[in-house]
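Given only the sequences and the hints, what does the whole structure look like? Please build it.
Just so we're aligned: the sequence shown equals residues 1 to 197 in the numbering used here.
Hints in this document: simulated from the structure, not taken from any laboratory. You may find that some hints are simply not true.
[Stated by the list, open to error] Derived Cβ-Cβ restraints for the label pairs, each shown as a range: (1) Pro-181 / Ala-155: 32 to 42 Å; (2) Ala-149 / Ser-16: 24 to 34 Å; (3) Gly-150 / Lys-115: 41 to 51 Å; (4) Gly-191 / Gly-144: 45 to 55 Å; (5) Ala-149 / Arg-188: 33 to 43 Å; (6) Asn-48 / Phe-86: 14 to 24 Å; (7) Trp-154 / Asp-111: 34 to 44 Å; (8) Trp-122 / Pro-88: 36 to 46 Å.
[Claimed, not checked] Using 30 Å as the maximum straight-line C-alpha spacing, the simulated DSBU-like pairs for lysine-lysine come out as follows: (9) Lys-115 / Lys-183; (10) Lys-119 / Lys-183; (11) Lys-115 / Lys-8; (12) Lys-148 / Lys-8; (13) Lys-8 / Lys-119.
Just so you know, these numbers come straight off a predicted model, no measurement behind them. Even glycine gets a Cβ: it sits at the ideal position worked out from N, Cα and C.
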Amino acid sequence: MAVLNSFKRSLNELRSIRCLAAVGVFIAVFVVLDGFGSIRIGDFLKINFAYLALAVIGMLFGPSVGALAGFACDLVGYMVNPVGGFIPWLALITSLEGMIYGLFLYGFVPDKSFKQYIKIFWARLTVVVLCNLLLNTWALYSFGFIGKAGESLWALIYARIGTNAVGLAAAVLLMPAVLVPVKIAYRRFLGNGRSHS
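Okay, structure coming up:
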(Lines of atoms letter the chains of each structure in order from A; the text may use other names.)
(Lines give C-alpha, C1' and ligand atoms only; values in the text may rest on other atoms or scores of the structure.)
Protein backbone atom coordinates (compact mmCIF):
# COMPACT_ATOMS: atom_id res chain seq x y z
CA MET A 1 0.00 0.00 0.00
CA ALA A 2 2.84 2.38 0.83
CA VAL A 3 4.36 1.72 -2.59
CA LEU A 4 1.06 2.55 -4.36
CA ASN A 5 0.77 5.76 -2.33
CA SER A 6 4.31 6.62 -3.34
CA PHE A 7 3.35 6.31 -7.02
CA LYS A 8 0.19 8.39 -6.50
CA ARG A 9 2.04 11.14 -4.63
CA SER A 10 4.68 11.13 -7.32
CA LEU A 11 2.09 11.53 -10.09
CA ASN A 12 0.65 14.53 -8.23
CA GLU A 13 4.10 16.16 -8.38
CA LEU A 14 3.58 16.56 -12.14
CA ARG A 15 0.98 19.26 -11.43
CA SER A 16 3.73 21.53 -10.14
CA ILE A 17 5.57 23.91 -12.49
CA ARG A 18 8.55 23.63 -10.13
CA CYS A 19 8.62 19.87 -10.67
CA LEU A 20 8.49 20.17 -14.46
CA ALA A 21 11.18 22.86 -14.49
CA ALA A 22 13.49 20.95 -12.15
CA VAL A 23 13.01 17.69 -14.05
CA GLY A 24 13.82 19.48 -17.32
CA VAL A 25 17.04 20.83 -15.84
CA PHE A 26 18.11 17.44 -14.50
CA ILE A 27 17.27 15.70 -17.79
CA ALA A 28 19.65 18.17 -19.45
CA VAL A 29 22.29 17.43 -16.79
CA PHE A 30 21.79 13.68 -17.41
CA VAL A 31 22.30 14.09 -21.17
CA VAL A 32 25.45 16.18 -20.70
CA LEU A 33 26.94 13.78 -18.15
CA ASP A 34 26.01 10.76 -20.27
CA GLY A 35 27.65 12.26 -23.35
CA PHE A 36 30.70 13.93 -21.84
CA GLY A 37 31.07 12.71 -18.26
CA SER A 38 31.91 9.10 -19.02
CA ILE A 39 35.02 7.02 -18.51
CA ARG A 40 35.15 4.39 -21.28
CA ILE A 41 36.68 0.96 -20.74
CA GLY A 42 36.68 -0.90 -24.03
CA ASP A 43 33.95 -0.47 -26.62
CA PHE A 44 30.80 -0.97 -24.57
CA LEU A 45 31.86 -0.70 -20.94
CA LYS A 46 31.75 2.73 -19.42
CA ILE A 47 31.47 4.35 -16.04
CA ASN A 48 29.42 7.51 -16.17
CA PHE A 49 27.87 9.85 -13.67
CA ALA A 50 24.57 10.54 -15.43
CA TYR A 51 22.79 8.34 -12.88
CA LEU A 52 23.30 11.13 -10.32
CA ALA A 53 20.84 13.38 -12.19
CA LEU A 54 18.29 10.57 -12.41
CA ALA A 55 18.74 9.77 -8.72
CA VAL A 56 18.06 13.43 -7.88
CA ILE A 57 14.82 13.34 -9.90
CA GLY A 58 13.71 10.15 -8.14
CA MET A 59 14.60 11.56 -4.73
CA LEU A 60 12.76 14.85 -5.24
CA PHE A 61 9.71 13.69 -7.18
CA GLY A 62 9.25 9.94 -6.67
CA PRO A 63 8.93 6.79 -8.75
CA SER A 64 6.31 7.90 -11.31
CA VAL A 65 8.21 11.04 -12.25
CA GLY A 66 11.49 9.10 -12.06
CA ALA A 67 10.19 6.53 -14.56
CA LEU A 68 8.93 9.17 -17.00
CA ALA A 69 12.15 11.16 -16.65
CA GLY A 70 14.25 8.05 -17.23
CA PHE A 71 12.51 7.40 -20.54
CA ALA A 72 12.87 11.07 -21.49
CA CYS A 73 16.59 11.02 -20.59
CA ASP A 74 17.24 8.15 -22.97
CA LEU A 75 15.11 9.64 -25.75
CA VAL A 76 16.62 13.13 -25.49
CA GLY A 77 20.10 11.64 -25.19
CA TYR A 78 19.55 9.74 -28.42
CA MET A 79 18.24 12.85 -30.21
CA VAL A 80 21.30 14.84 -29.10
CA ASN A 81 23.77 12.07 -29.96
CA PRO A 82 22.12 9.59 -32.36
CA VAL A 83 24.56 6.68 -32.38
CA GLY A 84 23.03 3.61 -34.04
CA GLY A 85 19.28 3.15 -33.91
CA PHE A 86 16.96 4.10 -31.09
CA ILE A 87 16.26 0.99 -29.00
CA PRO A 88 13.07 1.32 -26.93
CA TRP A 89 14.23 -1.50 -24.59
CA LEU A 90 17.16 0.63 -23.43
CA ALA A 91 14.82 3.58 -22.83
CA LEU A 92 12.54 1.31 -20.76
CA ILE A 93 15.53 0.11 -18.73
CA THR A 94 16.50 3.74 -17.99
CA SER A 95 12.86 4.35 -17.08
CA LEU A 96 13.04 1.44 -14.62
CA GLU A 97 16.22 2.95 -13.18
CA GLY A 98 14.44 6.25 -12.50
CA MET A 99 11.55 4.38 -10.90
CA ILE A 100 13.91 2.44 -8.62
CA TYR A 101 15.55 5.64 -7.42
CA GLY A 102 12.11 7.08 -6.73
CA LEU A 103 11.00 4.00 -4.79
CA PHE A 104 14.08 4.02 -2.56
CA LEU A 105 14.80 7.73 -2.22
CA TYR A 106 11.46 9.59 -2.38
CA GLY A 107 11.10 11.23 1.01
CA PHE A 108 14.85 11.07 1.63
CA VAL A 109 15.72 13.14 4.71
CA PRO A 110 19.22 14.67 4.62
CA ASP A 111 20.07 13.97 8.25
CA LYS A 112 23.04 12.11 9.64
CA SER A 113 21.23 8.85 10.33
CA PHE A 114 22.84 5.74 8.92
CA LYS A 115 19.45 4.52 7.65
CA GLN A 116 19.31 7.24 4.99
CA TYR A 117 22.69 6.25 3.59
CA ILE A 118 21.70 2.59 3.54
CA LYS A 119 18.75 3.62 1.33
CA ILE A 120 21.16 5.25 -1.11
CA PHE A 121 23.33 2.13 -1.16
CA TRP A 122 20.38 -0.22 -1.78
CA ALA A 123 18.99 2.04 -4.49
CA ARG A 124 22.26 2.05 -6.41
CA LEU A 125 22.94 -1.65 -5.82
CA THR A 126 19.49 -2.55 -7.18
CA VAL A 127 20.08 -0.43 -10.28
CA VAL A 128 23.56 -1.87 -10.83
CA VAL A 129 22.46 -5.50 -10.55
CA LEU A 130 19.03 -5.35 -12.20
CA CYS A 131 19.43 -2.60 -14.80
CA ASN A 132 23.15 -2.45 -15.60
CA LEU A 133 24.34 -6.02 -15.22
CA LEU A 134 21.26 -8.02 -16.18
CA LEU A 135 18.88 -6.00 -18.36
CA ASN A 136 21.36 -3.73 -20.19
CA THR A 137 23.69 -6.63 -20.91
CA TRP A 138 20.76 -8.72 -22.15
CA ALA A 139 19.50 -5.89 -24.39
CA LEU A 140 22.92 -5.13 -25.88
CA TYR A 141 23.56 -8.86 -26.39
CA SER A 142 20.14 -9.47 -27.96
CA PHE A 143 20.60 -6.65 -30.47
CA GLY A 144 24.12 -7.80 -31.34
CA PHE A 145 26.00 -4.82 -29.91
CA ILE A 146 28.18 -6.94 -27.64
CA GLY A 147 29.41 -10.50 -27.63
CA LYS A 148 31.37 -12.59 -30.07
CA ALA A 149 30.03 -15.59 -31.96
CA GLY A 150 29.32 -18.38 -29.49
CA GLU A 151 29.83 -16.17 -26.44
CA SER A 152 27.15 -16.68 -23.81
CA LEU A 153 25.14 -13.97 -22.12
CA TRP A 154 26.41 -15.10 -18.71
CA ALA A 155 30.02 -14.73 -19.84
CA LEU A 156 29.29 -11.12 -20.79
CA ILE A 157 27.55 -10.45 -17.48
CA TYR A 158 30.54 -11.91 -15.65
CA ALA A 159 32.92 -9.71 -17.70
CA ARG A 160 30.98 -6.58 -16.68
CA ILE A 161 30.95 -7.30 -12.95
CA GLY A 162 34.32 -5.61 -12.33
CA THR A 163 33.38 -2.35 -14.04
CA ASN A 164 30.04 -2.21 -12.28
CA ALA A 165 31.64 -2.98 -8.90
CA VAL A 166 34.02 -0.03 -9.37
CA GLY A 167 31.08 2.17 -10.36
CA LEU A 168 29.12 1.04 -7.31
CA ALA A 169 32.02 1.88 -4.99
CA ALA A 170 32.28 5.35 -6.54
CA ALA A 171 28.51 5.83 -6.21
CA VAL A 172 28.59 5.03 -2.49
CA LEU A 173 30.81 8.10 -2.07
CA LEU A 174 29.33 10.36 -4.75
CA MET A 175 25.60 9.91 -4.22
CA PRO A 176 25.43 11.21 -0.63
CA ALA A 177 27.76 14.08 -1.62
CA VAL A 178 25.28 15.09 -4.35
CA LEU A 179 21.87 14.09 -2.97
CA VAL A 180 22.20 15.64 0.50
CA PRO A 181 23.09 19.19 -0.64
CA VAL A 182 20.54 19.08 -3.48
CA LYS A 183 17.76 18.04 -1.09
CA ILE A 184 18.75 20.76 1.43
CA ALA A 185 18.87 23.39 -1.35
CA TYR A 186 15.50 22.27 -2.73
CA ARG A 187 13.89 22.45 0.73
CA ARG A 188 15.21 25.98 1.18
CA PHE A 189 13.94 26.92 -2.27
CA LEU A 190 10.48 25.61 -1.41
CA GLY A 191 10.55 27.46 1.90
CA ASN A 192 11.48 30.74 0.21
CA GLY A 193 8.78 30.20 -2.42
CA ARG A 194 6.13 29.72 0.25
CA SER A 195 7.22 32.76 2.20
CA HIS A 196 6.81 34.99 -0.87
CA SER A 197 3.44 33.61 -1.95
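Evaluated hints:
{"no.": "1", "hint": "Pro-181 / Ala-155: 32 to 42 Å", "result": "holds (41 Å)"}
{"no.": "2", "hint": "Ala-149 / Ser-16: 24 to 34 Å", "result": "violated (52 Å)"}
{"no.": "3", "hint": "Gly-150 / Lys-115: 41 to 51 Å", "result": "holds (47 Å)"}
{"no.": "4", "hint": "Gly-191 / Gly-144: 45 to 55 Å", "result": "holds (52 Å)"}
{"no.": "5", "hint": "Ala-149 / Arg-188: 33 to 43 Å", "result": "violated (57 Å)"}
{"no.": "6", "hint": "Asn-48 / Phe-86: 14 to 24 Å", "result": "holds (19 Å)"}
{"no.": "7", "hint": "Trp-154 / Asp-111: 34 to 44 Å", "result": "holds (41 Å)"}
{"no.": "8", "hint": "Trp-122 / Pro-88: 36 to 46 Å", "result": "violated (28 Å)"}
{"no.": "9", "hint": "Lys-115 / Lys-183", "result": "holds (16 Å)"}
{"no.": "10", "hint": "Lys-119 / Lys-183", "result": "holds (15 Å)"}
{"no.": "11", "hint": "Lys-115 / Lys-8", "result": "holds (24 Å)"}
{"no.": "12", "hint": "Lys-148 / Lys-8", "result": "violated (44 Å)"}
{"no.": "13", "hint": "Lys-8 / Lys-119", "result": "holds (21 Å)"}
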